[in-house]
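Protein chains: 2
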Amino acid sequence: MNDRLARVTLMRLAEPGDAVMGRLVASQGPDAAVGRIREGRPDPEFARWFAASSCQGSAGSRQERVTVRLERMFAAWAARLETAEPDRDLAEGERAGARLVVPGDCEWPTQLNDLGDSRPHALWLHGDADLRFSCLRSVAVVGSRAATPYGTHVAAEFGAGLSERGWSVVSGGAYGIDGAVHRGALACGTPTVAVLACGTDIAYPSAHHSLFAAVRSQGLLVSECPMGVHPTRPRFLVRNRLIAALTRGTVVVEAAVRSGALNTAGHAVSLNRHLAAVPGPVTSETSAGCHRLIRQGTATCVTTPEEMIELVGAMGGDLAPEPRGPVFPRDRLNPETRAVLEAVPARAGAGPATIAVAAGVDLETVLSCLGGLAAAGYVERVPRGWRLRPDRSGGG
Amino acid sequence: MNDRLARVTLMRLAEPGDAVMGRLVASQGPDAAVGRIREGRPDPEFARWFAASSCQGSAGSRQERVTVRLERMFAAWAARLETAEPDRDLAEGERAGARLVVPGDCEWPTQLNDLGDSRPHALWLHGDADLRFSCLRSVAVVGSRAATPYGTHVAAEFGAGLSERGWSVVSGGAYGIDGAVHRGALACGTPTVAVLACGTDIAYPSAHHSLFAAVRSQGLLVSECPMGVHPTRPRFLVRNRLIAALTRGTVVVEAAVRSGALNTAGHAVSLNRHLAAVPGPVTSETSAGCHRLIRQGTATCVTTPEEMIELVGAMGGDLAPEPRGPVFPRDRLNPETRAVLEAVPARAGAGPATIAVAAGVDLETVLSCLGGLAAAGYVERVPRGWRLRPDRSGGG
Numbered sequence: 334m335n336d337r338l339a340r341v342t343l344m345r346l347a348e349p350g351d352a353v354m355g356r357l358v359a360s361q362g363p364d365a366a367v368g369r370i371r372e373g374r375p376d377p378e379f380a381r382w383f384a385a386s387s388c389q390g391s392a393g394s395r396q397e398r399v400t401v402r403l404e405r406m407f408a409a410w411a412a413r414l415e416t417a418e419p420d421r422d423l424a425e426g427e428r429a430g431a432r433l434v435v436p437g438d439c440e441w442p443t444q445l446n447d448l449g450d451s452r453p454h455a456l457w458l459h460g461d462a463d464l465r466f467s468c469l470r471s472v473a474v475v476g477s478r479a480a481t482p483y484g485t486h487v488a489a490e491f492g493a494g495l496s497e498r499g500w501s502v503v504s505g506g507a508y509g510i511d512g513a514v515h516r517g518a519l520a521c522g523t524p525t526v527a528v529l530a531c532g533t534d535i536a537y538p539s540a541h542h543s544l545f546a547a548v549r550s551q552g553l554l555v556s557e558c559p560m561g562v563h564p565t566r567p568r569f570l571v572r573n574r575l576i577a578a579l580t581r582g583t584v585v586v587e588a589a590v591r592s593g594a595l596n597t598a599g600h601a602v603s604l605n606r607h608l609a610a611v612p613g614p615v616t617s618e619t620s621a622g623c624h625r626l627i628r629q630g631t632a633t634c635v636t637t638p639e640e641m642i643e644l645v646g647a648m649g650g651d652l653a654p655e656p657r658g659p660v661f662p663r664d665r666l667n668p669e670t671r672a673v674l675e676a677v678p679a680r681a682g683a684g685p686a687t688i689a690v691a692a693g694v695d696l697e698t699v700l701s702c703l704g705g706l707a708a709a710g711y712v713e714r715v716p717r718g719w720r721l722r723p724d725r726s727g728g729g
Numbered sequence: 334m335n336d337r338l339a340r341v342t343l344m345r346l347a348e349p350g351d352a353v354m355g356r357l358v359a360s361q362g363p364d365a366a367v368g369r370i371r372e373g374r375p376d377p378e379f380a381r382w383f384a385a386s387s388c389q390g391s392a393g394s395r396q397e398r399v400t401v402r403l404e405r406m407f408a409a410w411a412a413r414l415e416t417a418e419p420d421r422d423l424a425e426g427e428r429a430g431a432r433l434v435v436p437g438d439c440e441w442p443t444q445l446n447d448l449g450d451s452r453p454h455a456l457w458l459h460g461d462a463d464l465r466f467s468c469l470r471s472v473a474v475v476g477s478r479a480a481t482p483y484g485t486h487v488a489a490e491f492g493a494g495l496s497e498r499g500w501s502v503v504s505g506g507a508y509g510i511d512g513a514v515h516r517g518a519l520a521c522g523t524p525t526v527a528v529l530a531c532g533t534d535i536a537y538p539s540a541h542h543s544l545f546a547a548v549r550s551q552g553l554l555v556s557e558c559p560m561g562v563h564p565t566r567p568r569f570l571v572r573n574r575l576i577a578a579l580t581r582g583t584v585v586v587e588a589a590v591r592s593g594a595l596n597t598a599g600h601a602v603s604l605n606r607h608l609a610a611v612p613g614p615v616t617s618e619t620s621a622g623c624h625r626l627i628r629q630g631t632a633t634c635v636t637t638p639e640e641m642i643e644l645v646g647a648m649g650g651d652l653a654p655e656p657r658g659p660v661f662p663r664d665r666l667n668p669e670t671r672a673v674l675e676a677v678p679a680r681a682g683a684g685p686a687t688i689a690v691a692a693g694v695d696l697e698t699v700l701s702c703l704g705g706l707a708a709a710g711y712v713e714r715v716p717r718g719w720r721l722r723p724d725r726s727g728g729g
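The listed protein sequences correspond, in order, to chains A and B. Numbers given in the numbering used here equal positions in the first sequence, counted from 1, plus 333. Numbers given in the numbering used here equal positions in the second sequence, counted from 1, plus 333.
I should point out that these hints are in silico values taken from the structure, not numbers from a laboratory. The model shown is predicted, which means the values in this text are computed figures rather than measured ones. Check each hint, because a few of them may be wrong.
Pulled a few chain B residues facing chain A out of the computed Cβ check, cut under 10 Å [unchecked claim]:
| hint | residue |
| --- | --- |
| 1 | D351 |
| 2 | G373 |
| 3 | R374 |
| 4 | M406 |
| 5 | R413 |
| 6 | T416 |
| 7 | P419 |
| 8 | G430 |
| 9 | C521 |
| 10 | S550 |
| 11 | P614 |
| 12 | S617 |
| 13 | T637 |
| 14 | V690 |
| 15 | D695 |
What the simulated footprint calls covered on chain A by chain B, stretch by stretch (three residues with Cβ under 8 Å from a Cβ of chain B suffice, anywhere in the stretch; the number is not a length) [stated by the list, open to error]:
| hint | segment |
| --- | --- |
| 16 | 509-521 |
| 17 | 613-620 |
| 18 | 631-645 |
Heads up, the beta-carbon is just placed ideally off N, CA and C, and yes, glycines get one too.
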């Protein structure tokens, strides 16, 4: 059995992300691992490692229970091995138009190695983009399925804004934030990566059928499940580790306090990726998860795609512009002139001596300041002295 | 001249918060300070202090310029002294219904001493509440005049929520956030403190006439300006230091990047008070200032009055509840049972053996789990095995 065929077999045996299976494959190689599972029980060395990692320093009876647990795992994998048809899986994938990528391939994104024992055995890719290249400068944009119009607007802006600046977006394929961020990126003609919790041939949700077609033609659908596999709740959660691991950082656009997006956020943190969250109205339940991440200091508060790029980009090289308000002409006055201007009455005029007392400046200075202010259009001379020009453009 | 009369005089001589005047009063007492100003020039010792604090280690020519600057200040103060009528100011204040409070009085809030040389000489108070008592547990709630409906809603919620929990709110008297927070607090029947940049007899803006009347009857109007003094731009800025100094912390509800509320935030930080900001939609200009404070780490992200109280309250004594989502019955299933539940198909039934392979659990466990799940209403038996109950309440 060759390496690729063995990996396709492994995709059927344990659930994605199973760290015990990952350890078995890492220590013995995919082919030997399949052989060992066919025998239906672990070799003594692996059993010792499992016992040591599960119950450090425990007594004998606990070690026995742990051994039983490992043997049950092997039995379950062996049962699945009987129904596995790796040749058919490979053929079906290729018939669907997908390609298999395994560790060591050019297109394999090496950052997935950060996942350790829960690294996927292989990935099915469907689309024209190159996965490794697309993810070199990439950001995960995640959030609620039950997003608000505010959330989908912001997600689309992030999708478009990141793409315009040469960053790929990676997300899931769900309603709400996931869909909006892909649409935003697709509108800019940039590759976008959707990581699915089901086979790449399954459109889940089915209403995203045409969205997935667009992602395929411009970017990539990615999955660690064989064709035809349907998503389950745990598969969504383990899928999230891939979204976090593929990218330099994750931004949570909208998430309630129990959103699955916070699971992705947790993966990002434990993988030492950057984590950001977009604030929203405090009156919105779907921003409460974002606010909690920001309050705890777990996530950086990010309000624009530029700020996200500043976070994940090259240090000093991808700085976001500081938000600035308008600059009023009045701001450029020196302190004395500004004091004089403040002392000039709005309607009835006042003489320079009165203005001098009010401004706390001497008469000579007042006269020179008033001349300048009149020239700049701030004040005007009236019969009883000086007053503000009603149409002054000093900026309110 | 007695101390109170001297302080009333001083309120007319320099602008509020003038640190040079503050130093003069601190070093010589209010009465002697007025006498010195009447002479029109500083005593040599004060001039030496001023020169030393303005130009440490500079050459002679710069020191001379500094001396000239101080003499000009004294001349300007002396010119104002000629028009000052402290007896009339006192009488007018009392006629308006206000009372003068000076350092050393029972009602003087000693936390204002943190302002050092820019501590106010005295305060005019108008209203039934006690200033010192009201500010013991108080929070400043500030923000934009040009607030959005979101901002005024949140400000009113903070005003009401803080009041309900026994915290006074302190703010200005402007449109937008200031007005909304007072209204929220007033609705709860708690004292609320409005610090004005004009005399307490001036309703600015005039549309807040009845709001100020309500604040007077239930809380306090506070000002360091004599009656009849109108607000100017600089007076709003120096007024802000009082709002920050009176309270244990400041929360910015809505602020554009150039909002005056950020000036209050700056005072809070330099006075070592707590600073918080309420996030809002990133699409809103009027939340950009809040987001910047949060991003810079200058302000804590706060979304509810409880969270603000946790920040300023007694350590461990005023904790905000953690935001929590709903708990679904499904959450309480053990991992094995959950794996079995995930493996049960939604429509067509499946036999226990198929479910066991899909779930990766042995047959015995599957049978016991299915029994429990059926009893709890998650699954049902059909002719071809087991399937999910269509009306299951497992929480989506």
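Results of checking the hints against the structure:
no.	hint	result
1	D351	8 Å, holds
2	G373	13 Å, violated
3	R374	14 Å, violated
4	M406	7 Å, holds
5	R413	6 Å, holds
6	T416	7 Å, holds
7	P419	16 Å, violated
8	G430	27 Å, violated
9	C521	19 Å, violated
10	S550	31 Å, violated
11	P614	6 Å, holds
12	S617	9 Å, holds
13	T637	7 Å, holds
14	V690	5 Å, holds
15	D695	6 Å, holds
16	509-521	violated (count 0)
17	613-620	holds (count 5)
18	631-645	holds (count 6)
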